[in-house]
Amino acid sequence: MKKKLIYIILATAVLTGCKKDVLDTKPLDKYSNLTLWSSKADANAALTGCYSGWELGDNVIYDDCISDNGIDQFPWEGYETFASGLASPSDPGVNKYSYTTIQRCNWFLDNVDKVPVSALDNTLKTRMKSEARFLRAYKYAILSQVYGDVPLALHNLTADQANTITRSPKTQIVDFVLQELASIAPSLPVSYSGSDIGRITRGAALALKARVELFNAKYTECIATSQQLMTGPFSYSLFPDYEGIFRPQNSNNQEVILDVQYLQNDNAEWVLGAALPNSYGGWSSMAPTQSLVDAYETKNGKTIQQDGSYNALQPYSNRDPRLDATVIHPGLSYMGAYFDPLSATSSDLVGNNNASPTGYNFKKYLANIDDYNNTAYGTDVWNTGGSIIVIRYAEILLGYAEAKIEANQIDASVYNAINQVRQRPTVNMPAVTAALYPDQASLRVLIRRERRAELAGEGLRWYDIQRWKIGEQALSGDVKGSLKGSVNATTGALTLTPNSNFVAGNRTFDAKNYLWPIPQKEIDINHALKQNPGY
Amino acid sequence: MNQKLQTLTRRIAKLGIVAMLSAVSLGTWAINRIQDIRTVKVSISFNGETLEKAFGRLSEVSKMPFNYNHNELRKISTKQLAFKNEPLPQVLNAILNGTQFQYKEGESGVIIFKTEEKHDQRTNSTVSAADPITIKGIVSDNAGPIPGVSVMVKGTGKGTLTAGDGSFSIRAEKGEVLVFSTLGYKTKEITVDNQTTINVLLEASVNSLEDVVVVGYGQQKKINLTGAVGTISSKDIDNRPVTNLTNAIQGKVAGVNITTSTGQPGRDAGTIRIRGIGTGLGSGGASAAPIVIIDGVPGAMGDVNPNDIENISVLKDAASSAIYGARASNGVILITTKKGKEGGVQLKYDMYAGPQQIMKQPDFLPSWQQALLYNEARANEGASLRWSDTDIQLFKDGSDQTGAHPNTDWISLIFSETGWQQNHNVNISGGDQKSKYLVSLGYFDQNGNVKETRYQKYNALFNVNSQLTPKLGLSAKLGFLYAPFSEPVSTYATSFGQIIRGANRISNTVPARWENGALGYVSDGSPLAWLESPSFNKWQNYTINGNVAGDWSPLQGLHFKPSFGYRLALGQQQQYVSDIQYYKGGAAGTPLTPTKLESPNNLTNATDRTTYTLLQGVADYEKNIGKHNFKVLIGASQEYSIYNYFSAQRQNFLNNELTQINAAPALGQSTSGYANDWGLKSVFGRLNYNFNEKYLLEANFRFDGSSRFAKGHRWGKFPAVSAGWIISKEDFFAGALNAVNSLKLRASWGKLGNQQIANNYAYFESITGGQTYSFNQTLVTGLTPGDGANPLLQWEKTQSIGVGIDATFLDNKLDVSLDYFEKKTSNPLLRTQAGAVLGTSGTTSFVPPYVNVDGEMVNKGIEVSAGYKNNAGEFTYNINGNFSFTKNEVTKLTGGKVINDNTFYDVGTPFYSLYGYEALGIYKTQAAVTETAVLNNKVAAGDIQYKDQNNDGKIDAQDKVYLGNYYPKIAYGLSFSSGWKNFELSLFFQGAAAVKAMGGNLIGRVGPDVEKPTSVFLDRWTPTNTDASFPRLWYSYKQNDPTGTPSSFWVKDASYLRLKNVTFAYTLPKNVVNRLGLNKVKVYYSGQNLLTFTSFYKWIDPELGSAGSINNYPQVLVNTLGLNVTF
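One line per chain: the protein sequences are U and R, in this order.
Residues 1 to 535 (my numbering) are what the first sequence spells out, left to right.
Residues 10001 to 11127 (my numbering) are what the second sequence spells out, left to right.
Watch out, some of these pointers could steer you wrong.
Calculated cross-link-like contacts (lysine to aspartate or glutamate; reagent style EDC-like; alpha-carbon spacing at most 20 Å) [as the list claims (entries may be wrong)]:
#, chain 1, residue 1, chain 2, residue 2
1, U, K26, R, E10765
2, R, K11080, R, E10203
3, R, K10897, U, E522
4, U, K530, R, D10959
5, U, K530, R, D10956
6, U, K480, R, E10376
7, R, K10947, R, E10822
8, U, K30, R, D10677
9, U, K521, R, D10959
10, U, K114, R, E10765
11, U, K20, R, D10677
12, R, K10938, U, D510
13, R, K10938, U, E472
14, R, K10711, U, D24
15, R, K10869, R, D10811
16, R, K11070, R, E10874
17, R, K10694, R, D10731
18, R, K10348, R, D10238
19, U, K512, R, D10956
20, R, K10584, R, D10350
21, R, K11082, R, E10984
22, U, K40, U, D149
23, R, K10954, U, D510
24, U, K521, R, D10956
25, U, K521, R, D10677
26, U, K26, R, D10350
27, U, K512, R, D10952
28, R, K10892, R, E10822
29, U, K96, R, D10959
30, R, K10338, R, D10350
31, U, K30, R, D10608
Please keep in mind that the hints were generated in silico from the structure rather than gathered at the bench.
Just so we're clear, the structure is a prediction, and the values are computed from it rather than from any experiment.
Could you put the whole structure together from the sequences, leaning on the hints where they help?
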């Protein structure tokens, strides 16, 4: 009997033990880090992974809502939480505390040297590494600007390392960013062609360097870096049509230094739909404020306070043309109709579903909605393929001017740089002169106004508020919209009621808000992270 | 393998010793169906007659059945003896003293046996000298004949089964005992005298310990169970309109907790937790779900037609489930389907049909109040008012002719259907002594309360058992399920849930339809537009289950059972999303000017396929030596499963008419596909030993190797031992037997494992593809680090101990079981909590690796179940109840508190407890605010005051505390069923208690078009209502918001008691039925989820508790009429 029992067990063993071992499974649809890194294609794919999501058009478009340029009416989107002074570690509102791109770049940089030289020559490898180093530096520049001190991770970490890492001083992060940018610039090409257009260029590295230098009051360095960009081998120049800079058919134009590249369907952007007025099926998530509208000069080159011809009840007449190119306002002729957020029957009426709470919508990238309706650049505004600009040449010119002013090196080049921007063919604002703006103080006021007008809706205003320390003025009190009244549907004529502005919200600002709170969940996981003061 | 076998053998030996030692210190109770012989007292005298005659008379006097070999006992004479009112054992001892014979108590009376013999009652079929006679009869119960009842001649191998009409015919000798038994009835024994007709009335058994219980890889008499096993019979499920098997077992077994989060047809399966949360929750950790084994093959609850179920066993403790070691740490559910029975062809038809309705709906305020409250919130926050007084008046009186000021009841518009459901089942079975078959065909059709929501099931089951030769048996099963599912989908964020969410969130102030016919909409679109559009999501699911098993018995008591199981689950999806053009609304006649366009239309075709194979061999051997009864089982199995998915999508169809891929352009098309697999190898065994059916011992072991772990960490060892002591069989207990009819003590210890993590390849550092970017309008595909790897990953371990008592009282009418358990999970498998620095933020980010957390969690609990059965004349009734109390606590956690949004866990708290601020009330005045710590600078009178726990002058994350436990500590079920003549009534209640819930999703919100508040907001703080129960209104402020600022203010008791089912049935009189040529006809009403008692928000199903959301498709209330016909 014993014998039979043994036979039976043996039979079972045979039955279950045949074929390959079912325990030796391995991933069926994913590559392994062990087998990657053998070819140029491998390296290219990994670098593309670093580019994927490196920056989002959403940030560029939405970020003005954390400034006095705009307001986001939907509390769940988080922007107003920060802008109104309610941000707390548990609920920071907006969150830029992300290392995803940084760790992708670290992974690429930690591994790319495994690819044999026979498969990837050193020149190309160096360029590719420089691209990844740029993307990493870009992220650190934002992190340090928003949070101050942040952990500095330059290699892939283990979970234990990630959960015990401490914050490095902001100066160390900034120094690292600037050194990196200086170091990689020479190995990056000035331009690309064909399907490489959109990769990081030498100009992008220097432009970011100039921006970081300006943001960190390194004016001498900023001046030098900016000057490099104004001369050969670079050939950046202003695109003549201000509104056209942002139209998708003009992607990668001569003014663009750095942008996020999109492609409809496969790598599409949706954020333009969120910006659009209700009557065109949009959400009006980002609404320009009266404060922004008021910041534009009159056609005479004066502020509305200075210009006696300014009529508060016809506030959009005779203004800097950049206002009409940036803000969809009551009575503006837009897409064949006069925009009307004031009349009771209008679907854009302030207060209506998805209508702007201020009576204004942003217009950049949306000069003509048809650019995206079943064209090469989109199926509609929710699925677009045009690039979203991160750095353009006008910012460099204005940054140069500002650095010179702050360094008190006021010379003709300052006025020249500002006037280049003000007098681009479609803008044609009166030139600024030493007569009108003779000294540092007056120029400082001018350059800040000019910067706001030129770059509104491009996600830079918060950084300006932060470094100019004007939060207390810019981010407190009522957030006002347009005056109430009516729009004549056939002529676009406005009838407005004095002092009747819509109020879209109320903000308070505290000095602690110059830095954002480190999200509490990060501190909950990593007890070594200390919170920013005041939170 | 050889080495493994050696280890295995050593292991059995070791376990045996441990188990025997445990048996000495621990024990069990049992019930004896036959009266205990020690309670029998007799007065009798003997005068040298043969033992045969002596026992004959003794049997008459004592009214106890005796089993003995007539031939042998005829040769021996008794001494002269006289007894007056003496206990039977003493009488027997006196008679047998000096003979070769001894007595023992058998299942069915006293057995006299020769001592030198290795007595095996069942093999002891000595030929009798008496002439056999043929006995005929009919076996029935109160309701009519019972087919398939086993009729055995006791002590012989002879037997038969009753036919379809309950009749049997068997040859037996005078003096032999006929044993009538079948599942669900008390076994009855009748001694053959001279009668040739024996009609037997069987009594239904309640919780009978004679019952056989299905356990891992076999069966066990309930009386001999040493582990904690809960059982559910087909009776508990029959005639209830349950759409999913999980709902059918809710509340039926102590310690089994089930929550159902949605009533959507096809998606209403509940979540099952046995004896608490044993491991990580959701995708973050190893699965906490029990393993479901259907006829020996792992499967899914949803695959089984509730009508096909013979019985369900729930293995709750390590002792009973260790034989499934690898995947048993959260319990095992064993489902046995119905099999054919010997007898004529039997045909049964069952059906029910009826409407269903949504159980609970939020009581959102009317539009004018929604508008008023939003204005108030705006005012509180210093923003312009949204609505004028005129607007509010128009909402109130509904006089606006344009449709701009409606009071839209979105919920009624979306939940607009009656929702019929019906179920039909045909069951044909039969067989002879050698082969038995069962064919079951089922059809289930459920239409939901939202248009186009539907789920159908076409079930077919074939079960065949055949005894090919006396030594070789074969059984085969083929199950087939075709289940088409359909639901409408939204165009925005394509899903069905989005439609329900829309209905529950869009304000009543938004018109559903303007007077000019244009649909009203919000930023996401309109749920009504989505519902009216041709969009749909359809799945055709096919599941085939098959298994073939042999049973070769080369020797008496030895069985070798190889088996092969296969499961193929195939799904085909077709999802069409139409584009939707919205228009500008206005008064009647206003031209339809296009506004918002939701596009593009698109079609997705997807298939998924899971195949699962099981190869298994089991050998068992049973041997009785005197009073020592042994059973040994040894087996090995191998499982392998692979999952495949493929989908293709195209968009921009010219219109919404065609819904095939080729009708759309290739531009913008996309595809995706993936696969994953896993394997498991196992060796297992079990030893059962009992002495005289009084001392019970069981030892189990299992080794499992899982493909989810790297070599060297793969194999887990899972041992368990348990013991039982039937105290009531001890001599010293005799005096107590009148009060306590039976008493059994059980104890168990065991170790189990868990490897069921979502990532099948957690030890590989994987790279994720498909990370795209485009350069100059050219798409490039990239790679990024995917899942973090942990090559050291190994089994999560659960050690559990348990003790239990089973007792019966009041003439066996009351039976009670009591269990205590402690389950300790150590080194739980969880995804590492990792900060953003690791690259974990964002949607396509790096996923941190799984780890075996250096921590421990304990679930402790008590389970009580009791049943009482009695009758008063023709009125019969029984009451069954079960109750469980489970306390979960994290006992060790290296690295400290783990916070996950509004829940956390730490040493000393339950796993994932509610987390937030302690609310102290509402600031009545501005003066009260000053000098208190506040959350932000907008806090003012009317806001909730929070406690500054650390007195640092501010309210921040440091002030958050434990706010309660959202997993119910107490769960219970209570059923009452009764019969009177042809009527039956049963009620079933189920409930949970000691559970807290907190949720921002439960009360609605004040806001513009996409928010609406419920009635709780009405008693809000205002300067004139400072004693309000609710804080001042907010929209963008966070200080009172239950989601943004969770606090004890929002924590509520989510206990409930629910009348889960009422069934009222009438069985047509036999003469009427027989005239129709039928055997039995029963008509009934059955209602499901009829009443709920709770102090929770009255519009939310309290069963959901913290997991609840106003945005869920609620559970449904079902009323049905049904019919059972036996032909």
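So, going through the hints one by one against the coordinates:
1. U:K26 - R:E10765: Distance of about 11 Å is within 20 Å: holds.
2. R:K11080 - R:E10203: 18 Å, holds
3. R:K10897 - U:E522: Cα-Cα ~13 Å, so holds.
4. U:K530 - R:D10959: Judged against 20 Å, a Cα distance of about 17 Å means the pair holds.
5. U:K530 - R:D10956: OK: U:K530 and R:D10956 at ~14 Å, within 20 Å.
6. U:K480 - R:E10376: The given pair, whose Cα atoms are some 19 Å apart, holds under the 20 Å limit.
7. R:K10947 - R:E10822: Violated - the C-alpha atoms of R:E10822 and R:K10947 are around 36 Å apart, more than 20 Å.
8. U:K30 - R:D10677: 13 Å, holds
9. U:K521 - R:D10959: 14 Å, holds
10. U:K114 - R:E10765: Holds - the C-alpha atoms of R:E10765 and U:K114 are around 17 Å apart, at most 20 Å.
11. U:K20 - R:D10677: 14 Å, holds
12. R:K10938 - U:D510: The given pair, whose Cα atoms are some 12 Å apart, holds under the 20 Å limit.
13. R:K10938 - U:E472: Judged against 20 Å, a Cα distance of about 16 Å means the pair holds.
14. R:K10711 - U:D24: Within the cut-off at roughly 8 Å; holds.
15. R:K10869 - R:D10811: Distance ~10 Å between R:K10869 and R:D10811 Cα, so the pair holds.
16. R:K11070 - R:E10874: Within the cut-off at roughly 17 Å; holds.
17. R:K10694 - R:D10731: Roughly 11 Å between the alpha carbons, so the hint for R:K10694 and R:D10731 holds.
18. R:K10348 - R:D10238: 13 Å, holds
19. U:K512 - R:D10956: 15 Å, holds
20. R:K10584 - R:D10350: Distance ~54 Å between R:K10584 and R:D10350 Cα, so the pair is violated.
21. R:K11082 - R:E10984: Holds - the C-alpha atoms of R:E10984 and R:K11082 are around 10 Å apart, at most 20 Å.
22. U:K40 - U:D149: With a Cα-Cα distance of about 37 Å, the restraint between U:K40 and U:D149 is violated, given a limit of 20 Å.
23. R:K10954 - U:D510: Holds, at roughly 15 Å.
24. U:K521 - R:D10956: It holds: about 13 Å lies between the C-alpha atoms, which stays within 20 Å.
25. U:K521 - R:D10677: Outside the cut-off at roughly 34 Å; violated.
26. U:K26 - R:D10350: 48 Å, violated
27. U:K512 - R:D10952: The given pair, whose Cα atoms are some 17 Å apart, holds under the 20 Å limit.
28. R:K10892 - R:E10822: 15 Å, holds
29. U:K96 - R:D10959: 25 Å, violated
30. R:K10338 - R:D10350: 15 Å, holds
31. U:K30 - R:D10608: Holds. U:K30 to R:D10608 sits at ~18 Å (cutoff 20 Å).
Hint check: violations occur at hints 7, 20, 22, 25, 26, 29; the rest are consistent with the structure.
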